[in-house]
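Work from the hints to combine the two standalone chains into their complex.
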Amino acid sequence: MMQSLFNTLRLTVKELRAIRGDKVMLVLILYVFTVATWMVSDAGSTEIRGLSVAVVDEDHSLLSFRLTEAIRGPLFSDPHVLSPKAAAEAQTNGEYVLVVSIPPKFEQDLRSGKDASLMVLIDATAVAQAGNGAAYMQQLLGDEVTKYFQPNDSGAALVDVVMRNRFNPNLTSKWFTSVMQLMNSVTILTLILAGSSLIREREHGTIEHVLVMPVRPHEIVFSKILASGIVILASSVASLLLVVQWAMGVPVAGSLLLYVCGAAIYVISVGSLGLLLASFTQNMGQFGLLVIPVIIVMFLLSGGITPMESMPAWLRLVMKVVSPSPHYVEFAQSVLYRGSGLSLVAGNMGAMAAMGAVFLAVVIARFRKVLAN
Amino acid sequence: MRADTPRAGAAGSWIAELSGVTHRYGGVHALSDVTLNVPAGCMAGLIGPDGVGKSTLLALIAGVRRLQSGHIQVLGQDIAKSAARRDNAPRVAYMPQGLGRNLSPTLSVRENLDFFGRLFGQKAQERRARIEMLLQATGLAPFPDRPAGKLSGGMKQKLSLCSALIHDPDLLILDEPTTGVDPLSRRQFWELIDTLRERMPNMSVIVATAYMEEAERFDWLAAMNDGKVIASGSPEALRSQTGAETLEQAFVSLLPEEDRGEDQGPVVLPPRPADGDGPPAIEALNLTKKFGDFTAVDDVSFTIPEGEIFGFLGSNGCGKSTTMKMMTGLLDPTEGETRLFGETLRASDMKSRLRIGYMSQNFSLYTELTVRQNLELHAELYEIAPDQRAPRVAEVLAEFELDEIAASMPESLPLGIRQRLQLAVATIHEPRILILDEPTSGVDPVARDAFWRTLIKLSRDRGVTIFISTHFMNEAERCDRISLMHAGRVLEVGAPAEIVERRGAATLEEAFIDCLQAEQPEDEASAPVDLTDYGADRSGQGALARSFTRLWAYSWRETLEFLRDPIRLFFALVGPLILMLTMGYGISFDVDELSFATFDQDRTPESRLLAEQFTSIKQFTEKPEIMAPADLDRRMGTGEVAIVLDIPDGFGRKLRQGQEPEVLLWVDGAMPFRAQTARSYALGLLNQFSDEIRRETGVQGSSVNFETRYLFNQAFKSANAMVPSMMMLILMLIPAIMSAISVVREKETGTIANFQSTPVTRVEFLLGKQLPYVIIAWTSFWMLGAMGRWVFGVPFTGSLPVLAGISLLYVCATTGFGQLVSSFTRTQVSAVFATAVLAIIPTVNFSGLIVPVSSLQPVGRMVGLSFPGAWYQPASVGTFVKGFGGAELMINALVIAGFALLYLVLSVLAMRKQEA
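Residue numbers (this note's numbering), protein chains in the order written: chain A, 1 to 373; chain E, 1 to 916.
The set of hints was computed from the structure by calculation and includes no laboratory data. Each residue gets a CB set at the ideal place from its N, CA and C atoms; glycine is no exception. Please note: incorrect hints may appear among the correct ones.
Stated by the list, open to error - Taking CB as the label site, the calculated pair distances span:
1. R694(E) <-> E69(A): 24 to 34 Å
2. Y148(A) <-> E612(E): 55 to 65 Å
3. A628(E) <-> M2(A): 45 to 55 Å
Chain E on its own, in the form it takes in the complex (with noise of 0.2 Å):
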């Protein structure tokens, strides 16, 4: 396979040539009639501000986004064929944007490349053998239990390259791996990829990135604007080609006219005027913070003076945005006090909230607001007076350049104009003091020089204090003083000047290295080790074998994060007992203690014969004599007495002449199901007052006997059929809520990538998800049904197996249903809520829980049968009661595993393996 992989350096050897590739979002163009060929064997780069396309070329090319229009070769295949997508799947690796966006936050690091290494087939001996290797390459073996979510940011990414490497791909694609990471963990990162390169030769790299000086080091570069290549080569003939000294500058440069904005020169920062006699800006003193026994901030102390830039540096996971919440009241300290221009700051004290304007590392502006509605809603909770709303809005609309696109929703805007507009937002109420979270991550340098034109505006023309954290150390030069944090601590606050010179480094940058060095112990470096070419031999395994363990590798994730979130766990299995507790108890149909009066008209000794037949039974309760009838009307009008037994007038003595004496019976028709038996109970009495004056008057009456026979449930007990009703609605909802957000958590999660770049199929990643789920339920068949025979004593009187049989499909089919409405929804709420409301009111009212589905209007017994809960209620019905086994059942059962298969097929139908 890898001998016909072009190779560099051989004439018209590309990894990927694209020819008029045109990518539209909406009506927005990504891309416009792209033609690129990508060299092999070699790193390629494309680099270029936030929002050109880059990540959308890169998508494009691992084949996770459709194409639209336009050719893409890539490995030789032309990849608009699926099956040429399913050749390439395994021999291409790509690592999606974003912090470790493609790991499961609570798997371990040994977990997470296990699940990659399944995805790919590898069998267990071959996949601990690579992990071994691959953690050893990048010093990540000292912590191969570590939880990936609790990585630094650094780690994360190496984690992401290991499990991007684990197959050995012949070409990695990695969007902007070193966005957002410490420039210790970045040196890191680029130093392990080159010695991978030198180990695996053959391997083909397309990075892009917005870091120009990262740029330097690519051996072919092609430069990216408003979704066109605007240059391709070697960062040399880049820069030779414009005469600039430096990739940046070669690059805004080669920008048309109208996207270089004014040149408007490097970035500088006046002198700030000397401090006042006020009070410092903000105080920190001995803040301490722990979540339990771990310490995220250790004893930390500075002043920041009016009108400072204060940089705050330190590697992912050090400490730096806990301390800023602390800032912000956000979180309480430990121990420890901030003060905000001399005053302590307290989390309840709104009037300080007023003077800070705090933007978090994550976008955090409502994403349903457009960008104008934003605005005016923080103008208005900040207090601004009315009559300056709107030209405040104005105002800052104009000077963060978001005018034309104050009516545009913040999603559809690229990352940079985004951070603008946080930006804007926290500056709107002008606070005095700016806590700016790594504002300025993941965005292009020209966005950045202009974000920090701003800010630099704000202290030096309005005294505001600006308390900011970053990675980029050209940033951290531009701050008056900077502090070097890490693991909770801060190493080295100072001018940066004079930290350089403290460190005796020549750049900022190496002090800050020098600085980390210094503190990291000796094994978290990476140690060289031989790396082993594991030549893929995977002649010896089947399609099939392979094929599981893919479906595997799902399953046992699947089960893993389960299993790691307990309150999930506890309340899929426990729930169900508690509800069936509850119902088995509740769901009574014997109607007892109805409340009862008599009103006697009449006061004849058989008028009162009459009403102590009705007080002489215990479904009747007796309430006081009613006296008016304005007493009737008032006592049923509360619902106080739900039955009364009005007697007229001459009722003894018309019973006593022969003449059909007339009684009134009022009945509180409110609630029909309790006045129809209450009906029954009062007619029950009435004949056998009828009885018992014909057996002293001597009159015959008629000589029927009516036999009744309560078939299945002798004892008429509400339990025994409650119980097994229960189970198919419970069974029925849980595992369907379960299932409802495995697909959909994915998609928000970003882990759905791993689901489109790898060889995995739809099917075996629907299946293996849904396995977990279906044991967890089958568990929960098993504890009900438990509960039911023991607990509420409900006979069994049929077949087990049968029964445990068609509950085992009856669970497939019930998690089908919620991963149905998973592969269809966008978000982990819309599933749950359309999980929730599609399923309780079928299964509720037409599936033969309360009401027969046979005693149903056509309408709802339609509903009823088309969902699997009207054909397993009279499974587990007839099991325990009515002594069914396999015959009686036999449709029931091929009806419910048409449902699965149903449910999984259009679940199928509903995913994507690629996005559009």
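Bound conformation, chain A alone (with noise of 0.2 Å):
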């Protein structure tokens, strides 16, 4: 037992050296987890910041004006003021999200008492962004125009409504993308690592070496795990301090230590899943194959970046049941958001924990058939 424990240490260092041999590796794990990490939390996410509006303005007049003048950020950019053909034309080229039209005569109408329409034309290609912010500019324009007509009447509405979002005060994109950038860096590096560290062994190889020395399988296999999951635990951590906590400013609200013990669960499901990809595969070309694929659903899967709810409710399930990002995420969000303790993440853990035993036991129980040959 202790020899197993040693023989596996003895193992990990051997594969940490690895590591640290290949520069290339080295260079793209720091990018990664610092410019990576830091530019996509910063350029934008699916909530709506900066959409792009144009307005058509054909009434030109005060109320025309101060519609034009409400559009500002964060929701929105500010509005570029475009004639009819120019804005169709730049929003069927994908430039503005939304175009609010303004109709001739439409401040006279209203003030005559006469119905007058507005009209937002929405490029619904932009799925992700188009129905909310759709609803936003129709909450803002009604808003404006009732400021407009009864500036000292606050009785327009029957009811204040006071929101409150919990665990990101301001809807704060940063905070959610940083996160789950990070999660998409140690799925990418891990999957990778793990899975290529088998195979550069078959294809040197140096793993017959191996098999005929007094070590078992599941020692080489911990190993490996243990060694790339050591390298991408720390620097995912290291990243979280610096650059997301640091850098970017995001507070984290739970205990570092309960999250460091969640991903490195994470780390070591997903490093056994890249060793089970790489025991189905003989070379690296096919590797790389079957690790984007997975790497693809993995990520756009997981709930980071549309709601799990949204998804068919079979294929939410079988994310669930294969995939340990989907609880990867809920668990990140619960411990460094909602600053959640140990009993409110334990489901997520040990689902990730369950899945990391099955990805290492089917593992192991290929390893000296598929390596022999």
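Set out below in structure tokens:
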């Protein structure tokens, strides 16, 4: 037992040295956890922020001017006022998600008690933002029209709604995307790092050598997962603290220790998945083609990009059974934002651990059979 | 052309003239100030131990390594000039070191030769005739369709030779062509060279070899040591110069004093003490191993007593390695069993592994660890007690003379020293049994003798049983007993002298060859053929046609290799479809089933009416009501409830009094997109509620109507936008990862030598390799498009030819991106890693998949626009749902084409026709 543990640790040291020796990999890991994390977190997300808007003002009234003025950040970018033709063209080219069209005599009609229409044209190919963007725009313009005509009458609204966003009061997307990007990086790097460590040994013939030594398959497998796990976990935690928390100023509500534990479980189960994929492929060419779809599915369908609730029920179930990523997203949200304790996230941690255990079991069972050929 | 080739015999006729050539790798001198003239029209040999610079010298002459300093003239041309190398390329053939290293293992014999023919721009007819002739001459004619990877070592080398001769070279450069080949094949190989030289008298040959007895047949020799030429001349001249009987002795006496080592005389095998009473160290009982239909080892039995050195001989691929692997427990036999010291060996048996030291045929230690670290790791894994580890490592370092290089990386060491390190590792735990699979293959004679002295010491002094396979007859003679194996069966077992006697042969080599010939079917032997001189009549062919043929050579080979790897092909074609299916269904921005609960502290009809508004729509799924503030905190904390309507006490009263009561809406902000959507639903519902109350109370509301029009996607279906965007993502990542290994794989397997030593240009090479991937990716485009149209029902409103055209440009760019990464990296692992990391992040985040490029922050937008994806996404979305045609997408098409071109240019710049 002790010997087995020692063997695993020794092999782990060997794996760590191998990672250290690969400069390309080190540079890429550094890039992913610093520049890429910052860039992705900063650039934008599915929530409405700085949505590109154009206004077609055919009224040229004080009201239409007020409405144009009202459209501003953080939800919308400062609108460009365009001619109808130019606006239509620009929207077709994808330059604006929303175009607000104020018809001639808009203010006059309203003053004379007639019904008047504001038109909001929505580029519905921007599905992530069009719906919410349009709803906000209507709300904003409606309020503005009311304010314009009844500047002193606060009784227009019957109910005063106070919005309280818990855990992320201003709905700052950085808070969310930065952590999701960390998960994405961890997934990409761990899958490839763990998987390729196995394929490289096979391609270089060193695995044969390992197999004649008095080490058991599980010691080899554990050492590979441990080594890539340590590297990725350490760099992701460093990235969380230095890049996300310190440089980008995202507050972390929960216990860091708990987060590290959960992240460790995630890294181990993803590492096992990487080895599992590698055990089904013979060379790097096959592995690359297999790992890319896995990465994309694990990331895009984790609940980190679109809510799990909007996936069809069957797919949601499949994802929750085969992929640790949805559990990790839930876990990370709970711990980092909601400050949840162990009792609340134990289920997610258990699910990730169970998946990791299954992947590991399959890898170890297949190990000798696959590699001896 | 060939008229101006200098001929042998004439004064000053040299095929290669070197002066002051120095070559360094890092700080290490491979060649120092070499000045040498190699005579033309004859067989010239380079001899010397491993790592003295023979391979470097040949690679420089062949033009595959860049000349660092000094001058080299080959075929009368100064090869420092690239124009001269271009002129020389069709006249020189270079066969690199390593069994069939320049061959493509999955291609058949004929396909490999076709590939080489095309590389030299030969037309189909000429190629066919030449291949026929060469196959006849080398005895490969019966196996034109066998994959090169399944040939025996000797046959691989014959095929390599055919490939080298396909273009009728004036200069043939062979780097250790017979290393690791059995004696019969070796003899056949040299006979073949002799025959060919008779037929092609103009051809000059330069060979490097570590086999001194082979060097005897050369016309001219240069002996090398430590990066310098120490003597040159005919074999007779060298022998008489030193007064030695054999070349081997002559070579040793030519060495400077300090390199000669102590003259320990010939290796002698002291007699073995009589067998003890114990069980035999190794017993093989009717071992059989089958791989599918192929029987690699057929009913092999033998017994090896403790302390014996047992030699294992046989041609490559005859089952030696497989048998040895069954001895170590690496492979489980199909039938039969192995016993070590009387105990049956099981694969999972850790105890028996401690008794075995194993050295595999290829170098299998960790190249990322230093010599000492390798030894230490093994000392630990083989359970040497902690206090004895350091002394044991030191002892082994001293014993195998590795002290000086303890801190070096194994890759930087010459083969002979690496083999010594492997043996050191194999013996570190003082095993009772050593199983050594061709440990001395490729090792020079001096190092081999030293190696054997160690083995004999281990056997005689420590009683270690040694089971060793070898190709060297003089090594076989040093064994206590040997066995000859062929085609999976053991033909002979006995003491070397016994076998020689039994076969009635003069030497062991003859006995062996006799044994093999008896087994070999008649038609495998080479038949004498008429070697017609197909004078290079390429005048009728334009330069462009030849260029195209060369490009096609690579396309065709890449295609065949791809088709022969069905798993890769399957992933490449089916992977995108699966990805599209899951994403098409999975990515949806319709937020449904938001978990919602009310926290009604008012409990009036008005508060209930408000709550009912919320539970009436399908987007909210109602959860049990919240009863207390603590409940609210807890349930939002677990994420069980995402949105809570909190109605304070007094709501109904205030509303009735027109006091504008407050309600609180708690929203889980952990996922901003969901929070915003929930909020916009809630706002809508509250407006509705206000309208309803107003209607009841008769208050007039605002009279502004909003007309919202969803352009391009009236139904506002996620799939209509996601499917075309997913095409952008998939056609970026899959083709890039596919082509990412194309170039770097050649670097790793060594087939890159073909690119370096033949007239193929960088552009031809890159485009040729890219073409098959472009076709596969474009096929993928059609399949994905069809799936989007008919499975997901996305309308197609624009111009199909325009989309097809832009997609073609796009896959050229994306495969080009993969190839660019491939040209820069050194290993397949880092190529895949780099491609995935560099491509995924901008494509997923900054190319319009989720967030429109127009709504990105400046940095993200810039990163997005510097990849082709952000330019393709508007084209695929536009042609699908916006009715786009050529006019709208002209710019996009041009930019994407620009990317394709840019990637190609950068790849060309990154590729080197010569190594450093």
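Structure-based check of each hint:
1. R694(E) <-> E69(A): 24 to 34 Å: The hint (24 to 34 Å, Cβ to Cβ) holds, given that R694(E) and E69(A) are roughly 28 Å apart.
2. Y148(A) <-> E612(E): 55 to 65 Å: Roughly 33 Å apart at Cβ, these two residues miss the hinted range, so it is violated.
3. A628(E) <-> M2(A): 45 to 55 Å: 53 Å, holds
Of the numbered hints given earlier, the model fails hint 2 alone.
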